[in-house]
Structure formats: C-alpha cells, structure tokens
Amino acid sequence: MDWLQQLINGISLGSIYALIALGYTMVYGIIKLINFAHGDVFMLGAFIGFFAITRWEMGFIPALIIAMVVCSIIGMIIERVAYKRLRNATRIAALTTAIGVSFLIEYTMIFFRGATPEAYPQVLPQTNINILGANINSQTIFILVVTIILMILLQFIVHKTKIGKAMRAVSHDADAARLMGINVDNTISATFAIGSALAGAAGVIFGSYYTRIDPLMGVLPGLKAFIAAVLGGIGSIPGAMVGGFILGIIETVVSAVGYSLWRDAAAFIILILILILRPAGIFGKNIREKV
Amino acid sequence: MKKSKAFWGYLAFALVIYAVVQGMLASGMLDLYYQNMLITICINVMLAVSLHIVIGVTGQFSIGHAGFMAVGAYISAICTMKLGLPFIVGIILAGIVAAVAGLLVGVPSLRLKGDYLAIATLGFAEIIRIVFLNVDYVGGAAGMVVNHATTWTYAFVGVVITIMVISNFTNSRHGRGCLAIREDEIAADAMGINTTYYKVVAFVIGSLFAGVAGALYAHNFYIIQPTAFNFLKSFEILIYIVLGGLGSLSGSVMAAIFLTAISQYLQAFPETRMIIYSVVLIIVMLYRPTGLMGTKELKDLFKVKNRGGSEA
Numbered sequence: 001m002d003w004l005q006q007l008i009n010g011i012s013l014g015s016i017y018a019l020i021a022l023g024y025t026m027v028y029g030i031i032k033l034i035n036f037a038h039g040d041v042f043m044l045g046a047f048i049g050f051f052a053i054t055r056w057e058m059g060f061i062p063a064l065i066i067a068m069v070v071c072s073i074i075g076m077i078i079e080r081v082a083y084k085r086l087r088n089a090t091r092i093a094a095l096t097t098a099i100g101v102s103f104l105i106e107y108t109m110i111f112f113r114g115a116t117p118e119a120y121p122q123v124l125p126q127t128n129i130n131i132l133g134a135n136i137n138s139q140t141i142f143i144l145v146v147t148i149i150l151m152i153l154l155q156f157i158v159h160k161t162k163i164g165k166a167m168r169a170v171s172h173d174a175d176a177a178r179l180m181g182i183n184v185d186n187t188i189s190a191t192f193a194i195g196s197a198l199a200g201a202a203g204v205i206f207g208s209y210y211t212r213i214d215p216l217m218g219v220l221p222g223l224k225a226f227i228a229a230v231l232g233g234i235g236s237i238p239g240a241m242v243g244g245f246i247l248g249i250i251e252t253v254v255s256a257v258g259y260s261l262w263r264d265a266a267a268f269i270i271l272i273l274i275l276i277l278r279p280a281g282i283f284g285k286n287i288r289e290k291v
Numbered sequence: 292m293k294k295s296k297a298f299w300g301y302l303a304f305a306l307v308i309y310a311v312v313q314g315m316l317a318s319g320m321l322d323l324y325y326q327n328m329l330i331t332i333c334i335n336v337m338l339a340v341s342l343h344i345v346i347g348v349t350g351q352f353s354i355g356h357a358g359f360m361a362v363g364a365y366i367s368a369i370c371t372m373k374l375g376l377p378f379i380v381g382i383i384l385a386g387i388v389a390a391v392a393g394l395l396v397g398v399p400s401l402r403l404k405g406d407y408l409a410i411a412t413l414g415f416a417e418i419i420r421i422v423f424l425n426v427d428y429v430g431g432a433a434g435m436v437v438n439h440a441t442t443w444t445y446a447f448v449g450v451v452i453t454i455m456v457i458s459n460f461t462n463s464r465h466g467r468g469c470l471a472i473r474e475d476e477i478a479a480d481a482m483g484i485n486t487t488y489y490k491v492v493a494f495v496i497g498s499l500f501a502g503v504a505g506a507l508y509a510h511n512f513y514i515i516q517p518t519a520f521n522f523l524k525s526f527e528i529l530i531y532i533v534l535g536g537l538g539s540l541s542g543s544v545m546a547a548i549f550l551t552a553i554s555q556y557l558q559a560f561p562e563t564r565m566i567i568y569s570v571v572l573i574i575v576m577l578y579r580p581t582g583l584m585g586t587k588e589l590k591d592l593f594k595v596k597n598r599g600g601s602e603a
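Heads up: the protein sequence lines correspond to chains F and S, in order.
In case it helps, our numbering puts the first sequence at residues 1 to 291.
In case it helps, our numbering puts the second sequence at residues 292 to 603.
Check before you lean on any hint, since a few could be wrong.
What the hints assert, rightly or not - Simulated pairs of lysine-lysine, DSS-like, Cα-Cα distance not exceeding 27 Å: (1) S:Lys404 to F:Lys32; (2) S:Lys296 to S:Lys587; (3) F:Lys32 to S:Lys524; (4) F:Lys32 to F:Lys165; (5) S:Lys590 to S:Lys373; (6) S:Lys296 to S:Lys524; (7) F:Lys84 to S:Lys404; (8) F:Lys84 to F:Lys165.
Stated by the list, open to error - Non-contacting residues of chain S with respect to chain F, defined by C-beta distances greater than 10 Å in every case (computed): (9) Tyr488; (10) Phe522; (11) Thr563; (12) Val570.
It is worth saying that the hints were derived from the structure and are not from the lab.
Quick caveat, the model's predicted, so the values are computed rather than measured.
C-beta: ideal position from N, C-alpha, C; glycine also.
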C-alpha cells in the first residue's frame, strides 16, 4: 500500500501549500496584487513558532496561535506601509514593490540572525498508525486536522460574518462597496491579516513537519503556493485549497517515481501550462478585457 | 542625416572612452581589481539594456532575465571548454542559442499580460536553471570550471554593440511599434500593429544580448553554477532598469554603472547590500514609480537647459 502512503504525504504537503495559497488568492482577489512578500510572512511564522516553542517552552497549539497573531500584525503593517500608496499605481510598480518587500524581509532576517538553518524541536507525538497497510505518522494526521479546521474557520469568516461579507463586496467592486458605506481600507487590512495569519500557521506546521527552517525557506513554498493559487483560479478560495492539494500530490508523485530533482520544475511546468491553456484556473471565471 | 551624425558622434565618444581606459590599463594605472570591476560593470550594463528593451520599451514585465543569461553562460562554456572552439565563436553561439530560447519562451508566454506574464517568465527562468542543475554534462549543482577569457576589450565592444543595436531599434519603425504597445496595447492593436510580432521581436533581441552578457560573465568568474542565475540575479537586473527609469536607456545604463560600483564596495556585506537594494527599490516605487529618470534620456535633460539654442 505504498501509493496510499504517498497520497497521504502529498496531501499533507498540499495542505501547507493550500494554507499559503489562501493568503495569495485573498489578497489578489481584493487588490489585484501578487503579494510576493507572502512567502516571507510564512517564514516569519515558522521562526516565531520556533522561538515560542524553544524559548518560552510552549506547546504546538499555543505556538501556532502566537505565530498567527504576530503574522497577522506583520501583514497589516506591510499593507499599510508599502502597498497602500500603490492602490492606483501601475502593475509594474506594485509588483516591483512587492518583490522589494520580500527581499527586505529575507535579508533583514539574515542580517540579524545569519543564514544558518535551525532545527525545529519535536512537539508532536510520533507514533505510527497502520491504516490499510500504510504506515502513517500520527503527526501527519494531526497536521491535516489542524489545516482542515483552519480552512473551515476561514470559510465561516468569509461567508457568515460581517467582515467576510465586506471582503467579498470589496473584491467584487471596491468603488461600489465604498458607496455602500463599507470601510474599504479596513477591509483590505483585515484581508491581509487573515491571509498572513494562515501563512504564519503554515510556517509553524511546515517547521514541525520538515524540522528544518532557514531565512530563505519562504521563497520556494511561496512560489509553489502561488502556482497552487493560479492552478485553482486566482481570487477563488475553494480554488486555492484544491490547487494546493493537487500540487502537493503531483510533487509527491514526481518524487516517488524517482525524479525528485525535477520536482520544482514540475511545479513550474504546471504553472506555465495552466497559464497558457486556461489562465483563469480551475475555478476561475473568464473575464473579458473591456476597452 | 541628423540621425547618422549623432550616431557617429556617439561612436567617437565610445572610442575615446575605450582608448582612455585601455591606456590606463596598459600603463598599469588601473590594477586587476579595477579591471575586474570595469568588466562587471560592462556585463551589468549589457544585462540592464537588454532587459530595458523588454520592460522599458515594450512594456512587457519579464522577471526571468537571468534564465537567458544562464543559457548564454552555459552554451559559451560548453563551446570553449568541451568543444575547444574559440571564445568569439562561443559568444556568438551563446547569443544565438539564447535568442532561440527567448523565441521558445516568448511565443507562448507573451500572450499573457501583466502579472501573469511576470510569473510565467519567472517560471521559465526557474525551469532553465533546474535543467542545468540536473544535467551532469555541465557539472550539475557543482558547476562548471571555465577559463578566464573576458577582457576589457570584449566587454566594452559588447556594451557598444548592445547599446547601438537597441537604441537604433527603439528609434526605428519596429521600436515605435513597441512603444505603442507599451503605451496602450489595445489601441496599438486597433491601429493595425501586429502586437504579438513586435513583443516577440523585442523579447528575442533582449534574450540575445542577455545570452552574450552571460557568455562574458561565464568567462570572467572562472566557475559557473546554476545558483548564480536564480531569481536574485533577475531581481538585480530589474533594479537597474527600475531605478534608472522604466523606458530610459541612459537611465538604466547609469543605474547599472552606479549600483555595480556600490555593490563592489559592499561585496563583504552581501546582506547589507540586499537590504539597501530593496529599501531603495521600495522608496523609489512609492515616491517616484517611474524611476529616477522616468522615460527621459540623458540628452533630454541637456536640451531643456539650453532651450532655443542651436540644438533643435
């Protein structure tokens, strides 16, 4: 039952991608900006969780919550300082700024603590459970449960609360939403806060699953999560989840077949194929450009 | 008539610069450290100008320029180290193969716009890098040892040809087509400009010179590794043209010279250098989104000063 084990591995990798992709897709949906710094918020989340566990000797769940809170504050600061002025700027200016913010976070981190990787402590119980002949780590199941709870929570916020309704309204038409009395600035801040909190949670989960973190760890998962968001249809929340899981499973399969060095290339090939064949993604709507 | 006069003027100016620097090198006034710095500046100017034609002139946001540089670097290294061909043949082949790579990447991805195009070019550049990483013939992750062959003469001639071709292209019929696409793609299309054709042409020319710059780079640093051509390198090239002004050739040349000189002094502190780069980039984007020079050229600045003079 090797394939079942690979499938579970793929799903747990995919759940991390999905959590990061949600932040990308929410931000893109609301201000049409690819937030390149999102992968670095994920990295900061991993480090905050690491400090919470090693310095303050917290458990997994408190560390996760602290990382989410701090990351949501960082996300809001990034939005207020760097992106707010660029709402009406050209795409090139906005994208360049986002890349700049990303590098600023990475290299400030390296400047203060060096580029050496850190080993994440074991915080989750490690027992192997035998399901249908596949050896599954209890940690994997725990991570999957946490991810699914976070996604259900997000669905609840977006669809059942007032701020969620405001977010959907602003992403649909910011000017009309403003006319209806919605505070657009606060709504955008809230979107960044929620997206960054999910990225922070993904950071802690990534750290405890792969046990190795470093200041540049956010680059590749950030790009992959972006691919997942595009795959699912950028701007669509269920799309980001599905895209994340699909990408995680594909990557695991490519590794399992014996092409682990080509794993990253596979992700980028998927990106290019989806951009060329169906730019709107699986769940996206095709929007025609108006003159 | 006027145009060709200006052209010969610039060429004479370039010759004077070359002669002065060559004289200083020959007489030993500039030692190896400065010679290396001058070559690095030349390579970066070529990269900046070759990206300028894609982003600045045609308005297509590509953030995967290091990928074409990698193609040029590896192809030229294979030519000189594995096949034993002369360096000049390696440079030319590097340019040709990089241009073909540019064509292959450009035709499918230039149908995309804005953010999607940026991400697609980034993806292609990463794929190119991963291919070199996994091919044992070129050394894989350990890289490839390359002889030192780049001299100041090669580098400077490369810069002059790059600037000449690209500035002449910009002032030609093709260049005006590209500028029209930058200003408004739909309007350009409606005016009967074959937008796909011009975008691909600009992209291929940009890739060609990036490949040549890659060849010079490979033969200047003794070793080439796939990590040297990652996203960070594309970002560095992007900074040159963004800082200099999107659409300003002289601006991107000056920014490339200035930033390369600074980064040579900050070589011992790579983190500080990246922090400075990114802070500068963010501040410029927030307060002057068109870059320092905007779309103006250096000579436009002088024209304003002596308005009504004999210049017109």
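Checked hints:
no., hint, in the structure
1, S:Lys404 to F:Lys32, "holds (13 Å)"
2, S:Lys296 to S:Lys587, "holds (21 Å)"
3, F:Lys32 to S:Lys524, "holds (26 Å)"
4, F:Lys32 to F:Lys165, "holds (18 Å)"
5, S:Lys590 to S:Lys373, "violated (45 Å)"
6, S:Lys296 to S:Lys524, "violated (37 Å)"
7, F:Lys84 to S:Lys404, "holds (23 Å)"
8, F:Lys84 to F:Lys165, "holds (21 Å)"
9, Tyr488, "holds (18 Å)"
10, Phe522, "violated (7 Å)"
11, Thr563, "violated (7 Å)"
12, Val570, "violated (6 Å)"
Comparing the model with each numbered hint stated earlier shows that hints 5, 6, 10, 11, 12 do not hold.
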